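Student: Sequence:
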Amino acid sequence: MDASEVWHWHAGAALTLSIAPPGGPVRHLRLGADLGAGERPQGVVPPGHWQAAESLGAWTLVGCTVAPAFDFAGFELAPPDFEP
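As numbered in our numbering, residues 1 to 84 make up the sequence shown, in order.
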């Protein structure tokens, strides 16, 4: 993605947001409501970084804010076996 993306946790189970610049290393953020357990309500993915998200329960509701505006021309989907 060629823009910054802010992930906002809204409800449900916590979520692991994995972020990596090209070539790694991978950094993991845990988004959720339990601040005492190290969860946070939002996380930022910088431009040019790879990202993956995984719910830690049955479901998670999140939203994403992209700035500047999202454009599919700046989006690349990694193949299923990709590892940074």
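Wrong hints could be hidden among the right ones.
Unchecked claim - Pairwise CB distance ranges, derived in the manner of DEER restraints:
1. G74 <-> G36: 35 to 43 Å
2. R40 <-> A73: 29 to 37 Å
3. D34 <-> A73: 36 to 44 Å
Keep in mind the hints are simulated off the structure, nothing from the lab.
Being a predicted model, the structure only gives us computed values, none of them experimental.
By construction, the Cβ of each residue, glycine as well, lies at the ideal position given by its N, Cα and C atoms.
Student: A separate judgement is required for each hint: does it hold in the structure or not?
Tutor: These are the hints, each one checked on the structure:
At roughly 37 Å, the beta-carbon separation of G74 and G36 lies within the given 35 to 43 Å, and the hint holds. Separated by about 30 Å at the C-beta atoms, R40 and A73 satisfy the suggested range of 29 to 37 Å. A hinted range of 36 to 44 Å holds for the C-beta pair D34 and A73, which are about 38 Å apart.
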